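S.K.: Sequence:
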Amino acid sequence: MQLYTPVLALLALATLFAVGSVVMSSLVGPKRYNRVKLDSYECGIEPTPQAVGGGRFPVKYYITAMLFIVFDIEIIFLYPWAVQFDQLGIFGLVEMVLFIATVFVAYAYVWRRGGLDWD
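Following the working numbering from start to finish, the sequence shown increments by one per residue and tops out at 119.
Please keep in mind that the hints were generated in silico from the structure rather than gathered at the bench. There could be a bad hint or two in this list.
[Stated by the list, open to error] Calculated pairs, SDA-like style, for lysine to any residue (alpha carbon to alpha carbon, straight line, at most 20 Å):
hint, residue 1, residue 2
1, K60, V110
2, K60, F71
3, K60, R113
4, K60, A12
5, K60, F104
6, K60, A106
7, K60, Y109
8, K37, S25
9, K31, T15
10, K60, G20
11, K60, D117
12, K37, G20
13, K60, K31
14, K60, V70
15, K60, V105
16, K60, G92
17, K31, L16
18, K60, G114
19, K60, W111
20, K60, S21
21, K60, D72
22, K60, S26
23, K60, I76
[Said to hold, decoys possible] FRET-style restraints, in silico, Cβ to Cβ:
hint, residue 1, residue 2, range
24, S26, V59, 36 to 42 Å
25, L38, L88, 52 to 58 Å
26, V83, V105, 45 to 51 Å
A quick note: this is a predicted structure, and the numbers were derived from the prediction, not measured. Ideal Cβ placement from N, Cα and C applies to all residues, glycine included.
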């Protein structure tokens, strides 16, 4: 149990800090509520009324999400490959070229659909 004492102390300190921060911000923070502050925020776009069952989202939302996933997954696989590059040899290089080619296909699709245009 003696080995876990520093870990438990750090966990207790972190919990105390998190709870203390939330409590102090609610006690000390300003309490000026107005209509604009309580309104929903949609990325700078004025909120539009939605149908009861929800509305249709523009394709641009999904393209942006797909772009994030493509580049996020690419980085997840590139980092370990770069660390073990010497041990993988030519096999690792060929596999990574195939992986990058697949990622490039997704990138080209997003580019063609206008996912990179910020209008």
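S.K.: The structure should be examined with respect to each hint, and the outcome stated for every one.
M.R.: Now for the hints, and whether the structure bears them out:
Taking the CA atoms of K60 and V110, the gap is about 10 Å. The hint holds against a cut of 20 Å. For the hint linking K60 to F71, the alpha-carbon distance of about 17 Å falls within 20 Å, and the restraint holds. Taking the CA atoms of K60 and R113, the gap is near 9 Å; set against the 20 Å cutoff, the hint holds. Our distance criterion of 20 Å between C-alpha atoms is broken by K60 and A12, whose separation comes to about 44 Å.
Taking the CA atoms of K60 and F104, the gap is about 19 Å. The hint holds against a cut of 20 Å. The suggested pairing of K60 with A106 holds, with an alpha-carbon distance near 15 Å, which does not exceed 20 Å. Of the pairs offered as hints, the one joining K60 and Y109 holds, with about 13 Å between alpha carbons and a cut-off of 20 Å not exceeded. Of the supplied pair hints, the one linking K37 and S25 holds, its CA atoms being roughly 17 Å apart against a limit of 20 Å.
A C-alpha spacing of about 25 Å is found between K31 and T15, which places the hinted pair above 20 Å, so the restraint is violated. Distance check on the hinted pair: K60 and G20 sit about 40 Å apart at the alpha-carbon level, beyond 20 Å; violated. Using a Cα cut-off of 20 Å, the hinted pair K60 and D117 holds, with the two alpha carbons roughly 10 Å apart. Simply put, K37 and G20 have alpha-carbon atoms about 24 Å apart, too far for the 20 Å limit, and the pair is violated.
For a cut-off of 20 Å, the pair hint linking K60 to K31 is broken: about 37 Å separates their Cα positions. At most 20 Å may separate the alpha-carbon atoms for a hinted pair to count; K60 and V70 meet this at roughly 15 Å. In summary, the hint linking K60 to V105 is supported, as the alpha carbons are separated by about 18 Å, within the 20 Å threshold. For a cut-off of 20 Å, the pair hint linking K60 to G92 is broken: about 35 Å separates their Cα positions.
At roughly 24 Å between alpha-carbon atoms, K31 and L16 are farther apart than 20 Å, so this suggested pair is violated. For the proposed pair K60 and G114, the alpha carbon gap of about 8 Å is at most 20 Å, so the pair holds. At roughly 11 Å between alpha-carbon atoms, K60 and W111 fall within 20 Å of each other, so this suggested pair holds. In summary, the hint linking K60 to S21 is not supported, as the alpha carbons are separated by about 37 Å, beyond the 20 Å threshold.
Between K60 and D72 the CA atoms are separated by roughly 18 Å; this keeps the pair inside 20 Å, and the hint holds. Between K60 and S26 the CA atoms are separated by roughly 37 Å; this puts the pair beyond 20 Å, and the hint is violated. With a C-alpha separation of about 24 Å, the suggested pairing of K60 with I76 is violated against the 20 Å cut-off. Distance hint for S26 and V59: a CB-CB separation of about 40 Å, consistent with the stated range 36 to 42 Å.
The hint said 52 to 58 Å for the Cβ distance between L38 and L88, and at roughly 55 Å that hint holds. At about 26 Å, the beta-carbon gap between V83 and V105 misses the expected band of 45 to 51 Å.
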